[in-house]
Amino acid sequence: MISLFLKDLFNRVNQGRWPYLIVIGHILAGSLLVYTQPRSNLAFLVLMTSFMSLYFFTTSVRFKLIAGTMLALVIIPIVGVRNIFYLEVIFQISVFAALALGLNIVVGFAGLLDLGYVAFYAVGAYLWAFFGSQQFYVLHFAPGTQPSDLPFLLPGDAFYMFLLVGVVIAGLTGILLGLPVLRLRGDYLAIVTLGFGEVIRVLANNLDKPLNFTNGPQGITPIQRPSMPDPVVEWFNSVFRGVVGHDVTPADMYNLMFYIFALIVIIVIIFVTRRLDDSKLGRAWTAVREDETAAIAQGIPLVKMKLAAFAVGASFAGVMGVLLAASRTFISPESFSFMQSIGVLTMVILGGAGSIPGVILGAATVTILNLQVLQGFSLYLNELRQSDAVMPIINFAWKDLSPQLDPAKYQRMLFGLILVLMMIFRPAGLIPATRRKREIDAEETN
Amino acid sequence: MALLEMNNITKVFGGLKAISDVTFSLEKGRIVSIIGPNGAGKTTFFNTLTGIYKPDGGTITFNGKSLVGLRPDQIAARGIARTFQNIRLFPDMSVIENILVGMHIHLKQSPLQTLFRLPGFKKEEADAEKKAVRLMRYVGLKRVENELAKNLPYGAQRRLEIARALAADPLLLLLDEPAAGMNPQETEDIIRLFRNIKADMGITILLIEHDMRVVMNISEDICVMDYGEKIAEGTPQEIRANTRVIEAYLGRGAVAGQHEEKMR
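Chains as they are written, first to last, in the working numbering: chain A, 64 to 509; chain B, 166 to 429.
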């Protein structure tokens, strides 16, 4: 009932000039709310959802482009440097959106369930971590025993080149994983990929001997960033000092820079994904997903197609790994646990496997739930514990509530709940994938 | 020389000889049926021919080249297209996309052309789409190009599967019970479609069918299998009169019974 009413309302509003006004209003309201209340999660949500109204309302392509660019390149940077936590959330959304888009190729398009996807992310991250730090000169030292005055192997600006190297190396790793699993289907494939993910993590954990490649559980740090010329910071300050309200430091500027990089990577990924999807390759992937036997009978080489899916998906994760290593300047095996793989899979399933906007929405939703909603709930419970408030009816004093109950640590339950609920109520995801509609002139008879 | 020659093909599952020592040859441009009781090995025969199963013995020569040891997709690329006993479309793809997948082996677009939408890519896609629409209409589907395959009615799904097979421009078309589940009118239409396919495109057709109206109506030759062996081969008239065939279908007593009836 309610959904029908909403649909009707949406269709009524989505006509003529209204969508433009609503979208602009939404963006302005969001910006204003965040600007006046830089600490409010709710205000931030309003701003973030303006991306959704921009996507759903029917407006001209040019308007969407302009409004989207304004949002991404002007409003979010301003809001972000005013409250660096927001920028962090948006950066994480971008990183996970890229990962989810990569996994979407493997799971959504080709239908190969990959439970160890984060391995490719690790490969990209460790690639730059090794070459962009002093690790090369630490090879013969046990972790923690290296002298402190070691030089760096490569200059920080080699980062840009390694974005490409990351794509290639992660893609090759994808093929490497693909080779042994070619003959497997369904459950068996999932189990092998799960094993592969663990192998990579365990390697990262233990490759500190005999030669110290990864520095073991301690992780690698410091990892270099590309250089940030002073004029850029000065230029930003001269333009935005007024709206931001204070001068930004180079550290803030780095956060902004990595956000922009992540944005560029995502745009490239969307571009690549869309074009591959609407081609022989994308159709072959979908055919393999739908019915392997029938796909082979059409002359589709299963092996090649699966390898291609693994390679493309892995390369997206690889480039994000390089970006992550540089932006964090620190990498440890902990960041690449099985839970991360499940997290990315949750995003794909929540948003809609095979659907680009869906997967991005999934990534944003899960990240915001994790970083803001659960954390916010934790903070709220803590406040209650410190107050004299009493739960009504059962007379339970909040301060007696066990400190063990910390919603921020309930990430796994959140993933589980999302997966269960989606499978039952909306297996195709929040924004289900659609097939391209073709205009065909009907004049031909026969 | 025959388009397809299979010599002494054997396929064993565990202790069961699903096909034993079958020799079969098919001339170009003919419509031939394989019939036989359930479990006679007809579908196994198809699966062995298309490479889903590897034969345990014997040779298969298609269009002058051996098919033994090739993967199913390589065999398909040699010019053998097929439909399945239980329709196997790509349910969540549109009708046009289903047919486009059938053209896979003929599309030459490279990843670079695909990513940058170079002219070669655009032309190939546009041509492919035109051809797909033509095939869709040829098999008798109208204005369903953007429908998902799973939403089509049963008869239309059968037709779409045939269009998808034709999209590969095959030399040989294998049809596994194409008339199963169809009413008499639909059956008649589909027989006409097969005749047209042979006449218009010169495609050789090999089909498995249980519906004797279809078999007797359309086949130029019939091959009969029972317990994994070929027990008879010939024109519909010859097969109708063949005692081994009647025995296979109706049991050993049947032939004797027929005699008794004649005696009375």
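Watch out, some of these pointers could steer you wrong.
Just so you have them, the derived chain B footprint on chain A, three or more residues with Cβ under 8 angstroms [stated by the list, open to error]:
hint, region
1, 266-275
2, 352-358
3, 361-373
4, 458-468
Computed far set for chain A versus chain B, every beta-carbon distance over 10 angstroms [as the list claims (entries may be wrong)]:
hint, residue
5, Glu261
6, Val307
7, Thr349
Keep in mind that the hints were calculated from the coordinates and are not lab data.
Where a beta carbon is used, it is the ideal one built from N, C-alpha and C, also for glycine.
Now the hints, each set against the structure:
no.: 1; hint: 266-275; result: violated (count 0)
no.: 2; hint: 352-358; result: holds (count 5)
no.: 3; hint: 361-373; result: holds (count 5)
no.: 4; hint: 458-468; result: violated (count 0)
no.: 5; hint: Glu261; result: holds (31 angstroms)
no.: 6; hint: Val307; result: holds (38 angstroms)
no.: 7; hint: Thr349; result: violated (6 angstroms)
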